[in-house]
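**Student:** Spelled out, the chains give:
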Amino acid sequence: MLSRGISGRTPRRLLFLYEILALSLLFVYQIDKLDKYILATGMGLILLVYISNYLLLKISKGDNYIFLIATMLMSVGIIMIYRISPVAGIRQLMWLSLGIFLFYLTYFITKHFKSLDRLLYLYIGGAYFLFLITFLFGERTYGAINWIKVAGFSFQPAEMTKLILIFILATYYSRYDKYKEVKYSSYILTIIVFSFIGLLFLQRDLGMAVIFFGIFIILQFIFEEDRRLIYINLGLILVGGLIAYRLFSHVRIRVDIWIDPWRFIDDKGYQITQSLFAIAEGGFFGKGLGLGHPQFIPLAYNDFIFAAICEELGIFTGIGIIMLFLLLVYRGFKIGISQVNRFYKILALGISSLFGIQSFIILGGVLKVIPLTGITLPFVAYGGTSIISSFMALGILQTASEDMEWRMDHE
Amino acid sequence: MFNIVSLLFKYIFIIIIYMFIFSIIRLIYLDIKGMDFVSSGDYAYLKLINRKDSLPFKINEHYSIDEELTLGRRVDNDIVIKDPYVSKYHFKIVQDEDNYFIEDLDSANGTFLNGERLEDAVMLKNGDIIRIGNIEFLFVNKGM
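Taken in sequence, the protein lines are chains A and B. Just so you know, we're using our numbering here: the first sequence kicks off at 96 and counts up by one. Just so you know, we're using our numbering here: the second sequence kicks off at 524 and counts up by one.
The hints are simulated quantities; they were obtained by calculation from the structure and are not laboratory data. Every value quoted in this text rests on a predicted model; they were computed, and no experiment measured them. For each residue, glycine too, the CB sits at the ideal point set by N, CA and C. Wrong hints could be hidden among the right ones.
[Said to hold, decoys possible] Facing chain B, a subset of chain A residues (Cβ under 7 Å, in silico):
| id | residue |
| --- | --- |
| 1 | Leu-109 |
| 2 | Phe-111 |
| 3 | Leu-120 |
| 4 | Phe-122 |
| 5 | Gly-293 |
| 6 | Ala-375 |
| 7 | Gly-378 |
| 8 | Phe-380 |
| 9 | Ile-414 |
| 10 | Met-418 |
| 11 | Leu-421 |
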């Protein structure tokens, strides 16, 4: 009976129901601070999500699950953010609206702009330019220079660079036969990507460096014909990692904290131990929204949002989030496999690995499975540039899910 | 008061999230079940443009064309569509060396190629859209 009742509309309605319930609960929680403005933004969120999901169904002939999954993740996230800090919640809503707008914009640009796979030099130049402005105008926060402040808004260029990296790789490998004629072209590409990773390392943005390397090695593993290069890269990163561990104290300390956070509990290990306490405190079903103590977790709505969610909504919600990411990545790979246009195929595979690696790194970090590096959980965590780049990536994936085959030019 | 509501709601939230995941998995499962993988190589095929779950009858996403393909309501067609709008024998596509020709088989409601009603046999090009009623197919020829 249950399976018969599921139509294409079911998930959208469930999402709607979830948001209505969560918002009404939050309004009860904040009852003394409630005003018309907050009420309107809350309603705005629900309408925004519902309408954009409905609209996408009409506009795009492609996949209609990825955007649903992303908006579900986003709804769980923003409710938690609003509960921790209403100010941040309202700002997040603004970012989300911009993100959804950019999702549609990216979708239309990648769909109708046909020479995207010919701009290799522009992409490489753009990536270096973003690194340059980071070094010139960047500010150091939490030990990493990765923020630029423009007119009161913080901007993280590396979030855009990771999309550019996927474009560089997609351009290169979709026209592999042409570029292969240049001697050692794959080695040159490798050097360029490693220079990105090196620059990120200098910015001390270790999480992002791992994402870059992960995307690069996955795409190279799939498409590179010179198999020896892959082993060379793996060897290089192993040696590089060991050297970094020996030479740089900020790398070493992360590993030490990961192995035994309790030794550093009053100082550097504080974040991770608080996160573990919070997750343990929540149990299976959580404390209930508004009844936990996420204020004890540092950066509760940023890097550690997963711990805050686990505390108040339970480890079952946490597992649910992980399952949603699994579905998203699975969907992405399926899109990549069934796409015939090589450029969009590589874009889809790159973006799915991006979501997979990024969520693995931060979830693993928060759960103390791997050393913690500060990156955001896509779609869930608070953060302007991160939300925007995630939605842009999703827009590209949406384009890639459509049939682009007949558009191929047979040169 | 708030505490009781919140305690109750946390269970509801978890139930909703899991129902959401379940319904998406179920839809993806249906999607995969209806997918028949087309082999690679030089071939031509019709691809359904409509969203499959919007059509109230059984239909596949892909139909590969070799030599001849017919569409109609009768079960001896290559593509059988149980829609009253579709004639018993509606149209056929015939291969002639590297080219494919589409011909309407005097159907009651007609076959439309890129919006124009078919009168004679017409050669198909990559990206052509074939419409019967509200069903739309995309013609793809990889051998071209």
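**Student:** Take the hints in turn and mark each one as holding or not.
**Tutor:** Right, here's what the structure says about each hint:
The beta carbon of A:Leu-109 is positioned within 7 Å of a beta carbon in chain B (closest approach about 4 Å), and the interface hint is therefore held. Checking A:Phe-111 against chain B by beta carbon gives a least distance of about 10 Å; that is not within 7 Å, so the hint is violated. The criterion of a C-beta within 7 Å of any C-beta in chain B is met by A:Leu-120, whose closest approach is roughly 5 Å, and the hint holds. The closest approach between the C-beta of A:Phe-122 and any C-beta of chain B is roughly 11 Å, which is over the 7 Å cut-off, so the hint fails.
For A:Gly-293, the interface hint is violated, the least distance from its beta-carbon to any beta-carbon of chain B being 39 Å, above 7 Å. Look at A:Ala-375: its Cβ only gets to about 17 Å from chain B, farther than 7 Å, so that hint breaks. Contact between A:Gly-378 and chain B, as hinted, is not supported at the beta carbon level, the nearest pair being about 11 Å apart and thus beyond 7 Å. Look at A:Phe-380: its Cβ gets to within about 6 Å of chain B, closer than 7 Å, so that hint holds up.
Evaluation of the A:Ile-414 hint against chain B yields a violated restraint, the C-beta minimum of about 9 Å exceeding 7 Å. About 5 Å separates the beta-carbon of A:Met-418 from the nearest beta-carbon of chain B, less than 7 Å, and the hint is met. For A:Leu-421, the interface hint is violated, since its Cβ never comes within 7 Å of a Cβ in chain B; the closest pair sits about 10 Å apart.
Checked against the numbered hints given earlier, this structure breaks hints 2, 4, 5, 6, 7, 9 and 11; the rest are met.
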